[in-house]
Amino acid sequence: DAGVTQSPTHLIKTRGQQVTLRCSPKSGHDTVSWYQQALGQGPQFIFQYYEEEERQRGNFPDRFSGHQFPNYSSELNVNALLLGDSALYLCASRASGQGVFGYTFGSGTRLTVV
Amino acid sequence: AQSVTQLDSQVPVFEEAPVELRCNYSSSVSVYLFWYVQYPNQGLQLLLKYLSGSTLVKGINGFEAEFNKSQTSFHLRKPSVHISDTAEYFCAVSPNQAGTALIFGKGTTLSVSS
Chain A
1 DAGVTQSPTH LIKTRGQQVT LRCSPKSGHD TVSWYQQALG QGPQFIFQYY
51 EEEERQRGNF PDRFSGHQFP NYSSELNVNA LLLGDSALYL CASRASGQGV
101 FGYTFGSGTR LTVV
Chain B
1 AQSVTQLDSQ VPVFEEAPVE LRCNYSSSVS VYLFWYVQYP NQGLQLLLKY
51 LSGSTLVKGI NGFEAEFNKS QTSFHLRKPS VHISDTAEYF CAVSPNQAGT
101 ALIFGKGTTL SVSS
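Protein chains in written order, with our numbering: chain A, 1 to 114; chain B, 1 to 114.
Since the hints were derived computationally from the structure, they do not count as laboratory data. Mixed in with the good hints there might be a few duds.
The calculated label-pair distances, taken between Cβ atoms and stated as ranges, are [claimed, not checked]:
#1 B:Phe14 with A:Gln17: 40 to 48 Å
#2 A:Phe69 with B:Glu16: 43 to 51 Å
#3 B:Thr72 with A:Leu83: 33 to 41 Å
#4 B:Gln10 with A:Arg110: 16 to 24 Å
#5 B:Gly62 with A:Gln56: 28 to 36 Å
#6 B:His82 with A:Glu53: 40 to 48 Å
#7 B:Glu15 with A:Ser65: 45 to 53 Å
#8 A:Gln18 with B:His82: 27 to 35 Å
#9 B:Pro18 with A:Asn71: 44 to 52 Å
#10 A:Arg63 with B:Ser84: 21 to 29 Å
#11 A:Asp62 with B:Lys106: 44 to 52 Å
#12 A:Ala80 with B:Phe14: 44 to 52 Å
#13 B:Pro12 with A:Gln17: 25 to 33 Å
Quick look at which bits of chain B chain A covers, simulated, 3 or more residues with Cβ under 8 Å [to be verified]:
#14 19-27
#15 33-42
#16 104-113
Examples of chain A residues lying across from chain B (beta carbon under 8 Å, computed) [unchecked claim]:
#17 Ser33
#18 Leu39
#19 Gln41
#20 Gly42
#21 Pro43
#22 Phe45
#23 Gln48
#24 Gln56
#25 Gly58
#26 Leu82
#27 Phe101
#28 Phe105
#29 Gly106
#30 Ser107
#31 Gly108
Beta carbons: idealized from backbone N, C-alpha and C, even for Gly.
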């Protein structure tokens, strides 16, 4: 049973560019959350998607946007990249009935902005 | 709002020694409490969780944690560590409500040497 799959695993972008990160949730999961983990820090909540809608959002600017598809997979888009956006981006999925304690995390996408 | 403070950024120990990783939290509402482990280049793995009931919670890999409401603490312990326990450990909280996000501490690096 595959867990949460994220792609790509590593990515290098130039300041000002746009990037799209992808996440396939664990089988049976329908809710996807994204977290940003800067070097030496704990993960910070970006937003959560359920039923193809953004349900909750953390303290991140509008440059960060997302999408959820009918098959529950999700994308995280970041526009006008800044050096400070360099981080590990983690996707976490759960079944909607499991609550916050049912999350499974992916291995992340390491984004480096130069 | 909730916050998490992990009191030690780094904890070096020798193999087979006991270890305690300290976590304090702040919240005006009831919370769920979690400990996650992150091995190099991997995502987060749930070690244990406190939802309600017994304040002593047992998790995977021989770890346990004790919830202390009066001291707003949730310290993680293991009586005898192994080299393989070397990793980053994150304490997290979530309000006791459906659909809310995890709030993480900055992490504690546990380094086990022989």
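To see whether the hints hold, each was checked on the structure:
1. B:Phe14 with A:Gln17: 40 to 48 Å: 47 Å, holds
2. A:Phe69 with B:Glu16: 43 to 51 Å: This hint holds: roughly 49 Å between Cβ atoms.
3. B:Thr72 with A:Leu83: 33 to 41 Å: 36 Å Cβ-Cβ, so the 33 to 41 Å window holds.
4. B:Gln10 with A:Arg110: 16 to 24 Å: Since the Cβ atoms of Gln10 (chain B) and Arg110 (chain A) sit about 22 Å apart, the hinted range of 16 to 24 Å holds.
5. B:Gly62 with A:Gln56: 28 to 36 Å: Given range 28 to 36 Å: holds, Cβ gap about 34 Å.
6. B:His82 with A:Glu53: 40 to 48 Å: 44 Å, holds
7. B:Glu15 with A:Ser65: 45 to 53 Å: Given range 45 to 53 Å: holds, Cβ gap about 47 Å.
8. A:Gln18 with B:His82: 27 to 35 Å: 44 Å, violated
9. B:Pro18 with A:Asn71: 44 to 52 Å: 46 Å, holds
10. A:Arg63 with B:Ser84: 21 to 29 Å: About 39 Å separates the Cβ atoms of Arg63 (chain A) and Ser84 (chain B), which means 21 to 29 Å is violated.
11. A:Asp62 with B:Lys106: 44 to 52 Å: Roughly 26 Å apart at Cβ, these two residues miss the hinted range, so it is violated.
12. A:Ala80 with B:Phe14: 44 to 52 Å: Taking Cβ atoms as reference, Ala80 (chain A) and Phe14 (chain B) lie about 48 Å apart, which means the hint holds.
13. B:Pro12 with A:Gln17: 25 to 33 Å: 40 Å, violated
14. 19-27: violated (count 0)
15. 33-42: Contact hint for the stretch 33-42 of chain B vs chain A: holds, 4 residues under 8 Å.
16. 104-113: holds (count 4)
17. Ser33: 7 Å, holds
18. Leu39: With a closest approach of 11 Å, the Leu39 (chain A) hint is violated.
19. Gln41: Hint holds; Gln41 (chain A) Cβ to chain B Cβ min 6 Å, cut 8 Å.
20. Gly42: Holds, about 3 Å.
21. Pro43: 5 Å, holds
22. Phe45: 4 Å, holds
23. Gln48: Because about 7 Å separates Gln48 (chain A) from the closest Cβ in chain B, which is inside the 8 Å limit, the hint holds.
24. Gln56: 6 Å, holds
25. Gly58: 7 Å, holds
26. Leu82: 21 Å, violated
27. Phe101: Holds: closest Cβ of chain B sits about 5 Å from Phe101 (chain A), inside 8 Å.
28. Phe105: 4 Å, holds
29. Gly106: Holds. Min distance 5 Å.
30. Ser107: Cβ of Ser107 (chain A) sits 4 Å from chain B, so the hint holds.
31. Gly108: 6 Å, holds
Of the numbered hints given earlier, the model fails hints 8, 10, 11, 13, 14, 18, 26; all others are met.
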